[in-house]
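*Asks:* Residue-level listing of the chains:
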Amino acid sequence: MTPMDLRRTLRWGSLAGAVMVFTCAVGLFEAFEDRLLVYPFLSLGHVLLLWFLPLAGYQATNEPVLEGMEAPSKGLHNVMAGLVAGLAGGVLMGVFTVVVDAADVRDVFVRLSVRLVDLLTHGWGVPGGLVLIVGVPAMLGMAGGMLHLVSAPVRRRLILALEWALVVALLEQVFSQVLRQLRLGAVGNLIFTRRALEWWAALAIAALVALLAERARGGMGRIKGYLFAADAVRRTRNSIWSALAVLAFLVILPQLLGSLLSELLANVGLFLLMGLGLNIVVGLAGMLDLGYVAFFAVGAYTVGVLTSPISPRFDLEWSWWAALPVAILMSVVAGVLVGTPVIRMRGDYLAIVTLGFGEIVRILFLSDWLAPVFGGAQGVRNVPGIPVGVAEVRGSQPVGVLYFAFGLVLVAAWVSWALQESRLGRAWTAIREDETVAAAMGINVVRAKLNAFIVGAILAGLGGALFAAKVGSMFPSSFELLVSIIVLVVVIVGGMGNIPGVAVGAVLLIGVLGGPTQPGLLAEFAEFKLLIYGALLVFMMLRKPEGLLPSVRRSRELRGEELSQDAWLDRPSGDVEVDARPAGG
Amino acid sequence: MAPRRPVLEFRNVHTHYGPVHILKGVSLSIYEGQIVCLLGGNASGKTTTLKTVLGLVAPTAGEVLVEGEVVNGWPTARIVARGVSMVPENRRLFKRMTVRENLEIGAYLRTDDTSADYERILDMFPRLKERLGQRAGTLSGGEQQMVAVGRALMARPRVLLMDEPSMGLAPVLVAQNFDIIRQINEAGTTVFVVEQNANMALSIADYGYVLQTGKIVLADTARNLLANPEMRQAYLGEVG
Numbered sequence: 022m023t024p025m026d027l028r029r030t031l032r033w034g035s036l037a038g039a040v041m042v043f044t045c046a047v048g049l050f051e052a053f054e055d056r057l058l059v060y061p062f063l064s065l066g067h068v069l070l071l072w073f074l075p076l077a078g079y080q081a082t083n084e085p086v087l088e089g090m091e092a093p094s095k096g097l098h099n100v101m102a103g104l105v106a107g108l109a110g111g112v113l114m115g116v117f118t119v120v121v122d123a124a125d126v127r128d129v130f131v132r133l134s135v136r137l138v139d140l141l142t143h144g145w146g147v148p149g150g151l152v153l154i155v156g157v158p159a160m161l162g163m164a165g166g167m168l169h170l171v172s173a174p175v176r177r178r179l180i181l182a183l184e185w186a187l188v189v190a191l192l193e194q195v196f197s198q199v200l201r202q203l204r205l206g207a208v209g210n211l212i213f214t215r216r217a218l219e220w221w222a223a224l225a226i227a228a229l230v231a232l233l234a235e236r237a238r239g240g241m242g243r244i245k246g247y248l249f250a251a252d253a254v255r256r257t258r259n260s261i262w263s264a265l266a267v268l269a270f271l272v273i274l275p276q277l278l279g280s281l282l283s284e285l286l287a288n289v290g291l292f293l294l295m296g297l298g299l300n301i302v303v304g305l306a307g308m309l310d311l312g313y314v315a316f317f318a319v320g321a322y323t324v325g326v327l328t329s330p331i332s333p334r335f336d337l338e339w340s341w342w343a344a345l346p347v348a349i350l351m352s353v354v355a356g357v358l359v360g361t362p363v364i365r366m367r368g369d370y371l372a373i374v375t376l377g378f379g380e381i382v383r384i385l386f387l388s389d390w391l392a393p394v395f396g397g398a399q400g401v402r403n404v405p406g407i408p409v410g411v412a413e414v415r416g417s418q419p420v421g422v423l424y425f426a427f428g429l430v431l432v433a434a435w436v437s438w439a440l441q442e443s444r445l446g447r448a449w450t451a452i453r454e455d456e457t458v459a460a461a462m463g464i465n466v467v468r469a470k471l472n473a474f475i476v477g478a479i480l481a482g483l484g485g486a487l488f489a490a491k492v493g494s495m496f497p498s499s500f501e502l503l504v505s506i507i508v509l510v511v512v513i514v515g516g517m518g519n520i521p522g523v524a525v526g527a528v529l530l531i532g533v534l535g536g537p538t539q540p541g542l543l544a545e546f547a548e549f550k551l552l553i554y555g556a557l558l559v560f561m562m563l564r565k566p567e568g569l570l571p572s573v574r575r576s577r578e579l580r581g582e583e584l585s586q587d588a589w590l591d592r593p594s595g596d597v598e599v600d601a602r603p604a605g606g
Numbered sequence: 034m035a036p037r038r039p040v041l042e043f044r045n046v047h048t049h050y051g052p053v054h055i056l057k058g059v060s061l062s063i064y065e066g067q068i069v070c071l072l073g074g075n076a077s078g079k080t081t082t083l084k085t086v087l088g089l090v091a092p093t094a095g096e097v098l099v100e101g102e103v104v105n106g107w108p109t110a111r112i113v114a115r116g117v118s119m120v121p122e123n124r125r126l127f128k129r130m131t132v133r134e135n136l137e138i139g140a141y142l143r144t145d146d147t148s149a150d151y152e153r154i155l156d157m158f159p160r161l162k163e164r165l166g167q168r169a170g171t172l173s174g175g176e177q178q179m180v181a182v183g184r185a186l187m188a189r190p191r192v193l194l195m196d197e198p199s200m201g202l203a204p205v206l207v208a209q210n211f212d213i214i215r216q217i218n219e220a221g222t223t224v225f226v227v228e229q230n231a232n233m234a235l236s237i238a239d240y241g242y243v244l245q246t247g248k249i250v251l252a253d254t255a256r257n258l259l260a261n262p263e264m265r266q267a268y269l270g271e272v273g
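Line order of the protein sequences matches chains H and C. Going by the working numbering, the first residue of the first sequence is number 22, and it counts up by one from there. Going by the working numbering, the first residue of the second sequence is number 34, and it counts up by one from there.
Any given hint could be a false lead.
What the hints assert, rightly or not - Partial list, computed: chain H residues near chain C (C-beta under 8 Å):
1) Arg447
2) Ala448
3) Thr450
4) Ala451
5) Glu454
6) Asp455
7) Val458
8) Ala460
9) Ala461
10) Gly463
11) Asn465
Said to hold, decoys possible - Far from chain H, by Cβ distances over 10 Å, these chain C residues were calculated:
12) Glu42
13) Ser60
14) Gly66
15) Thr147
16) Pro159
17) Glu176
18) Val207
19) Ile217
20) Gly221
21) Met233
22) Ile237
23) Leu251
24) Ala267
Calculated directly from the structure, the hints in this document are not laboratory data. Small disclaimer: the values here were computed from a predicted structure and weren't measured. For glycine and all other residues, C-beta sits at the position ideal for the given N, C-alpha and C.
Just chain C, same shape as in the assembly:
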């Protein structure tokens, strides 16, 4: 599918936590219909990048654009209303709310009928059907991931941000999880996924960025990244 225009774009973005410089001039573009992954080790600034998209962290320099519009300084709610949703790291469900309530709160900003999305999500995750009245905190890790993804999809986003979706999941669930991401993408949602599991992420992505201590050090199509020897050595766990 031919990329048209960036749904999400970073132009030389810098962020700071107090005196600590986190992102040091990050530029990236995510085009409509793509799956883009952002790879990197611990403390490389991956999560900060996602938080910057939503305005949860304010950039100190540079521009963040959603659908071609600079969103620097916008309140989070307004950015979300533009069609950005997030599956946060560790899922972070509203643990005391039921599964149904978690899904409903995902559609908080929508004023139209959400029942079609609700049905679609339950078709995607049939296991949740029997868990609807159960408290989210009592679900297994895999089920929680389903709720977290469902909750984000309830907003019917243009871009879905996913922060380390495979963290803390059993290997078999990780594979399922990436299958789901592909399904979501095929249904028309652009996905921006942050991962440490580079192999898996690149196997479904169209394009990949590698972040290292706040700088993009590699940017290429997923296929080229998988073939890149430097990449293989540093992130894909191959020795020599």
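If we strip away everything but chain H, and leave its shape as in the complex, we get:
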């Protein structure tokens, strides 16, 4: 029997304890304690509090299987290590509870309350409830350790089943809405109670997923094989078909979603539009622009002052379509004005200067000096919708906005793609890799970079124009630095330099978590949105710096014979450790 590595076990255990303490200290547990996921016993708060324990229990003895070496034996030591890790976490949590109960630390940790201790101890008070606080983590850690005892495919199914049950419960809103639109509302009412999955429904979903998991994997494999077919002709044809399928899906989707979810998706479209623009600047040309919101603001305000009947200065009342070219033109002008002075700077300097410009633009719109034109803090209101034929696209009809946003995104995606494949696109790639050598190849570095800036500005301006018509009013506070940062996070998380990657990032971040001021699917997380954004960003930088969906360039490079050579080259830290997360996790 392999001896248990006590230091490692305790390390994972204390990490789990730290996660629990943190969850309580920032108020996550208490905030979601009453949001039930599985009726009647499991709340989101508990999941957030305890999710790390099985993982820690599993990791405490997880050894990578090395080729040519004997696989580590499985047995009681795995379970024991899990138990010890869980116990360690539990003890840490227990100490924390005792401290919170005995001493008043609420001056520093404003989120801690008397109620928290009550909730944690299940009302049993401090000495008695400690059994729970230590015992439950220990059991969960042990459960994690036990995962070693089952074979890998079974483990994968178990984890997948658990994940799906939780996801369905978490996204109750989407599922019940889609069921309603499909005239299956009764099913929704049956399986959901008080926004939570009935326990038997959760079990049923888990069982179903476990049964179908292998088949689904095979299906995914076939789809991948279809999309990435080796020969170019078939690949092109297949990707045309899949693009059409996606398009058809996008046309049907708003009908299924109803107006609330369409509103969320329209926000996704808006941020995707900006993400595609920023992707050109950051992902393709390699310039870290932190003032991207400036162009968004310019586009929005231009449309606003030209179309609104109560525009502070002008009395034009143009249609959105007439204002659009002006908005694009103004974005170009802004792009040139900001771009020209900063383009010669590199890296950090560029980031800081663009950040400054972004704030300058917002403050200009806020200023008394420009208030006669842009309304200062009052902003511009009553911006009309977009006339399309006999109908009008406006914020109160999210489905229409969604279709319109889809249209703009398609145009932007096409432009991005064409540019990426163009001579200019190749120049950007070269500049990103080695600016000096790119210049020595005859590339006009300054002009190429300025072009990237301008294209980015146009797409952001387009986003602003859409935003103006969608929201109907704008204030300087809609254009905070946070917007730039969130668009950047969308690009980074999705996969820099890759159009589908940006789409994935936008759906995941804006759709699920929500934008700077826009709610997402998990509206209950709104308060903790920035925390999650930050954590996600750190995680991505450490573990998956190329993004969730890396660009074709990278995936092509990483496939085939170079794989073995590159595996260690591409790890930022340079270590060769095999990915040690549990399968499917």
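Given chain H, put chain C in place with the hints provided.
*Replies:* Okay, now just chain C, sitting in the frame of chain H:
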């Protein structure tokens, strides 16, 4: 072959990096069809000389002429368009791009059909044929050198600048490398090569300059330089 007119000429060129005086009045002429080498130790200003040709470093005094035309202050792209390409020190390929993309970017300024040059380069370096789709950063040092040379040739240059082509290569590859330079030159390209490996460089060159702390201290035909006792002692590694 009789030299006709300088393709590349330096007239009393000075350069500075901030307050540091690098080139202190360098004059040299490279005639069409020649292989000219610039020898010198570390920090003698060799690389700066090449960067000055391309306008990557601006001369503070003196004139740089390409094909008889003063190019001081021109943007790099315009000088490259005049027919100057460079194989940079340490090759500096675009590592994440494939070999094919590296070659294509070499022809960035060309608007005519480049397929003939592409074929010629692959004939010159048959090994690259099987590496075309591979990422340049994963090639061996020798293969990277081939790509770097190929990339520069794709521009169909009048003058090829080479910065320390033998640096970091195994001895057998160094010899191959100089063979290639000779081939390129025989095909009609003027070559200006900067080297520390004086023996090798002089064995293929027509003319040589020796640079020492920013000044040309020796200038002669390659044959005379090889025979020059002072030269032998200082740069060719002979004692006494």
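*Asks:* May I ask you to test the interface hint for Ala448(H) with respect to chain C, counting a Cβ-Cβ separation under 8 Å as satisfied?
*Replies:* 7 Å, holds
*Asks:* Should the hint that Thr450(H) touches chain C count as held when the rule is a Cβ pair under 8 Å?
*Replies:* Where the cut-off is 8 Å and the nearest Cβ of chain C is about 6 Å from Thr450(H), the hint holds.
*Asks:* Does the no-contact call for Gly66(C) survive, Cβ to all of chain H over 10 Å?
*Replies:* Given a closest Cβ separation of 23 Å, the condition holds.
*Asks:* Over 10 Å from every CB of chain H: does Gly221(C) meet that, or does the non-interface label fail?
*Replies:* 20 Å, holds
*Asks:* Close enough to count: is the Cβ of Ala460(H) nearer than 8 Å to one in chain C?
*Replies:* Constraint on Ala460(H) satisfied, holds at 5 Å.
*Asks:* Pro159(C) clear of chain H by more than 10 Å, beta carbon to beta carbon?
*Replies:* 19 Å, holds
*Asks:* Verify that the Cβ of Leu251(C) lies farther than 10 Å from every Cβ atom of chain H, and report whether the claim holds or is violated.
*Replies:* Consistent with the label, Leu251(C) stays out of reach of chain H, its closest Cβ about 28 Å off (over 10 Å).
*Asks:* Would you say Ile217(C) is clear of chain H, with no C-beta pair closer than or equal to 10 Å?
*Replies:* Fine: 18 Å to the nearest Cβ keeps Ile217(C) off the interface.
*Asks:* Double-check Asp455(H) for me: the hint is only fine if its C-beta lies closer than 8 Å to a C-beta in chain C.
*Replies:* Asp455(H) check passes; min Cβ-Cβ to chain C is 6 Å, inside 8 Å.
*Asks:* Holds or violated: the hint that Arg447(H) contacts chain C, with Cβ atoms closer than 8 Å.
*Replies:* 6 Å, holds
*Asks:* Against chain C, with CB atoms and a cut of 8 Å, does the hint on Val458(H) hold up?
*Replies:* 5 Å, holds
*Asks:* Can we confirm that no CB of chain H comes within 10 Å of the CB of Thr147(C)?
*Replies:* At roughly 13 Å from the nearest Cβ of chain H, Thr147(C) sits farther out than 10 Å, so the non-interface label holds.
Consistency with the previously given hints is maintained throughout, with no hint failing.
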